[in-house]
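Just so you know, the sequences run in chain order A and B. When we follow this note's numbering, the leftmost residue of the first sequence carries the number 1, and every step to the right adds one. When we follow this note's numbering, the leftmost residue of the second sequence carries the number 1, and every step to the right adds one.
Among the clues, some could well be false.
No copy labels: a pair is met if it fits in one copy or bridges any two.
With a straight-line cut-off of 20 Å between C-alpha atoms, the simulated SDA-like cross-links for lysine to any residue are [said to hold, decoys possible]: (1) 250 with 122; (2) 250 with 27; (3) 250 with 5; (4) 250 with 208; (5) 250 with 161.
It should be emphasised that the hints constitute simulated quantities derived from the structure, not laboratory data.
There are 2 protein chains.
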Amino acid sequence: MTRTLRVAAISPDIRLGEVAANVARIADALTRAGSDGAQLIVVPELATSGYVFHDAAEAAAAAVTREDPLWRELSATLPEGTVAVVGYAERDGTAVYNTAAVLTRDARIGDYRKAHLWGGEAALFTPGERAGEVYDTPIGRLAVAICYDNEFPEVPRRLALAGADILALPVNWPLVPRPDGERAPEVIQAMAAARSSRLATVIADRRGSERGVAWTGGTSVIDEDGWPAAEQAGAETASATLSLRPAGDKSLPPHNDLFADRRPDLYS
Amino acid sequence: MTRTLRVAAISPDIRLGEVAANVARIADALTRAGSDGAQLIVVPELATSGYVFHDAAEAAAAAVTREDPLWRELSATLPEGTVAVVGYAERDGTAVYNTAAVLTRDARIGDYRKAHLWGGEAALFTPGERAGEVYDTPIGRLAVAICYDNEFPEVPRRLALAGADILALPVNWPLVPRPDGERAPEVIQAMAAARSSRLATVIADRRGSERGVAWTGGTSVIDEDGWPAAEQAGAETASATLSLRPAGDKSLPPHNDLFADRRPDLYS
Numbered sequence: 001m002t003r004t005l006r007v008a009a010i011s012p013d014i015r016l017g018e019v020a021a022n023v024a025r026i027a028d029a030l031t032r033a034g035s036d037g038a039q040l041i042v043v044p045e046l047a048t049s050g051y052v053f054h055d056a057a058e059a060a061a062a063a064v065t066r067e068d069p070l071w072r073e074l075s076a077t078l079p080e081g082t083v084a085v086v087g088y089a090e091r092d093g094t095a096v097y098n099t100a101a102v103l104t105r106d107a108r109i110g111d112y113r114k115a116h117l118w119g120g121e122a123a124l125f126t127p128g129e130r131a132g133e134v135y136d137t138p139i140g141r142l143a144v145a146i147c148y149d150n151e152f153p154e155v156p157r158r159l160a161l162a163g164a165d166i167l168a169l170p171v172n173w174p175l176v177p178r179p180d181g182e183r184a185p186e187v188i189q190a191m192a193a194a195r196s197s198r199l200a201t202v203i204a205d206r207r208g209s210e211r212g213v214a215w216t217g218g219t220s221v222i223d224e225d226g227w228p229a230a231e232q233a234g235a236e237t238a239s240a241t242l243s244l245r246p247a248g249d250k251s252l253p254p255h256n257d258l259f260a261d262r263r264p265d266l267y268s
Numbered sequence: 001m002t003r004t005l006r007v008a009a010i011s012p013d014i015r016l017g018e019v020a021a022n023v024a025r026i027a028d029a030l031t032r033a034g035s036d037g038a039q040l041i042v043v044p045e046l047a048t049s050g051y052v053f054h055d056a057a058e059a060a061a062a063a064v065t066r067e068d069p070l071w072r073e074l075s076a077t078l079p080e081g082t083v084a085v086v087g088y089a090e091r092d093g094t095a096v097y098n099t100a101a102v103l104t105r106d107a108r109i110g111d112y113r114k115a116h117l118w119g120g121e122a123a124l125f126t127p128g129e130r131a132g133e134v135y136d137t138p139i140g141r142l143a144v145a146i147c148y149d150n151e152f153p154e155v156p157r158r159l160a161l162a163g164a165d166i167l168a169l170p171v172n173w174p175l176v177p178r179p180d181g182e183r184a185p186e187v188i189q190a191m192a193a194a195r196s197s198r199l200a201t202v203i204a205d206r207r208g209s210e211r212g213v214a215w216t217g218g219t220s221v222i223d224e225d226g227w228p229a230a231e232q233a234g235a236e237t238a239s240a241t242l243s244l245r246p247a248g249d250k251s252l253p254p255h256n257d258l259f260a261d262r263r264p265d266l267y268s
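Sequences are here, hints too, so could you generate the full structure?
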């Protein structure tokens, strides 16, 4: 049966390196989204730290562990049953990862480490060893990928084939040239991926700029047919109530099925 | 080095079952596109036969072999060095395929048989055993896929990884519901696939309607960055002069590469 899910992508005002202040602003935004009934809340990539680091030392200085007290502060903002996905710079021993935490009020469900590093990130972060991940959560099977990950069509496809109900996509999309009147190309790619695999996608992007890098402001909610259900256009929150068919239902009546019609033996 | 390629997608007035008349109209449109300097010309799926067959007998009656004299008529319209991709219903013994011929003035380069059958096509056609194909042609390595094939992200990705310089995509896209102001979803999917793999795509669709099926009229040229270089909007021809980087160049300076950044070991 089709069910509904209330989702929100939030874009708090993030400042480079100001971890405590960023956490406070994220907590405030999570509280407001939760009050608005959001069952899934997505926060941008590297939201606790900012993005445009000069070097590895600066990134490491803004990185936190999974045990950091900030996680209790953020979890405490969430209503029972709500899931949040929060991008952060993760310190693990001497390694630093570009990670997204999957949180509820009572549990830390997982931490996904970005596998496809963009731009100068390879000098700052260790790449993860999973191309997106799917977690069992109170709202269903939740896929998580980060930014550049989703520009590899293999990633959302893989996550949908693994039974994801919905994809949370924290990003930091720098503004790139595009023709007048067009959406950001990364949004178009997410729309296409959503439609190809019937995988609704909740995208939390930055807004404004940081150290001269202007952000696209692509915060949006894409429905399972690939159409924008909410586009932020510079505001802090994009929220929508999505209709979701069961993850296993990829049927296109009367004759077709997005997954059963695949011919994987021919794709090598 | 970047090179330019003049391409045209043409949408002649096709009538169901009127093979000789359709061939005459295709020949006329090929002649005009060739005179306009097109080096690659793409004609819709099943252009010789039409699409909305009632049953297999009707499809078989409109099917032709690779040896049919119509191919000489069409090849003769092409200037030296120009390549045409023409959708047709192919009869091979008792089997009927949904095929695209790759033609020059002097040679028949190949015939690609659609692998992913849409709607009621499975009752009419035998599926092909390649998910798109790449051919060496006078204009370079030309990928060919047909309609629903390209809605499987694996297909354009596979063709680009196989070294395609450009993709020819004959289609018959029935009009489907979409939000006001949006492009056809299949065009969005083609734009995303083009950008993900830097694979310019030339799409020839039907226009008008056939037996009550209205066509999207998605005839268009997508450049290698995923942006429309020409959109037909109901006219007969979409043509553009594309800039193409070498197929092997997927670099995103200064740090990235669309293909080298892939992590295929993580995609299973």
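Intra- versus inter-subunit Cα pairing at 20 Å for residue 250 with residue 208:
Neither, since 38 Å and 29 Å both go past 20 Å.
State whether the alpha carbon distance between residue 250 and residue 161 is at most 20 Å within one copy, between copies, both, or neither.
So residue 250 and residue 161 pass the 20 Å test inside one copy only (10 Å; across, 27 Å).
Copy assignment of residue 250 with residue 5, given that the CA separation must stay at most 20 Å:
within (18 Å within a copy, 38 Å between copies)
If the cutoff is 20 Å on CA atoms, where do residue 250 and residue 122 land: within, between, both or neither? Let me know, please.
So residue 250 and residue 122 pass the 20 Å test across copies only (18 Å; inside, 37 Å).
State whether the alpha carbon distance between residue 250 and residue 27 is at most 20 Å within one copy, between copies, both, or neither.
Result: close neither inside a copy nor across copies, 36 Å intra and 40 Å inter.
The structure fails hints 2 and 4 (numbered hints given earlier, in ascending order).
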